[in-house]
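Colleague: So for the sequence shown, our numbering puts the first residue at 55; every next one is plus one.
No wet-lab data here; the hints were simulated from the structure. Hints may be right or wrong, so weigh each one.
[Unchecked claim] Label-pair ranges, simulated between beta-carbon atoms:
hint, residue 1, residue 2, range
1, M78, V120, 30 to 40 Å
2, R69, S111, 20 to 30 Å
3, A80, A118, 11 to 21 Å
4, W115, S66, 36 to 46 Å
5, V101, V61, 33 to 43 Å
6, P98, T64, 25 to 35 Å
7, P74, M99, 27 to 37 Å
What you are looking at is a predicted structure, and each value in this text was computed from that prediction instead of being measured. Using N, Cα and C, we set each Cβ at its ideal position, and we do this for glycine too.
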Amino acid sequence: MFENWPVTFTPSPWRIVDPPQKVMVAAHLAIATRPKHFRQDRLPMRVKLGGLRLAESVPGWLHAWVLSC
55 MFENWPVTFT PSPWRIVDPP QKVMVAAHLA IATRPKHFRQ DRLPMRVKLG
105 GLRLAESVPG WLHAWVLSC
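Could you build all of it, start to finish, from the sequences and the hints given here?
Modeller: Structure, rendered in structure tokens:
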């Protein structure tokens, strides 16, 4: 998944989790740095019907993570 990301730092800023681990994702926090024009109450209906839930934690699988600060 990081094949096209050139390594310029040691250690690399990403880690692959193998085997993937079960996690709970707080989507409202994961998207906390969204643009100011992005509002949860203004999501298109097609996005809501597609299953995007931002108001709660949802189960998922962690395959990799990237250091972001």
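Colleague: Now look at each hint and say whether the structure bears it out.
Modeller: A quick look at each hint next to the structure:
no.	hint	in the structure
1	M78 to V120: 30 to 40 Å	violated, 19 Å
2	R69 to S111: 20 to 30 Å	holds, 22 Å
3	A80 to A118: 11 to 21 Å	holds, 18 Å
4	W115 to S66: 36 to 46 Å	violated, 21 Å
5	V101 to V61: 33 to 43 Å	holds, 35 Å
6	P98 to T64: 25 to 35 Å	violated, 43 Å
7	P74 to M99: 27 to 37 Å	holds, 32 Å
In this structure, the hints that do not hold are numbers 1, 4, 6, in rising order.
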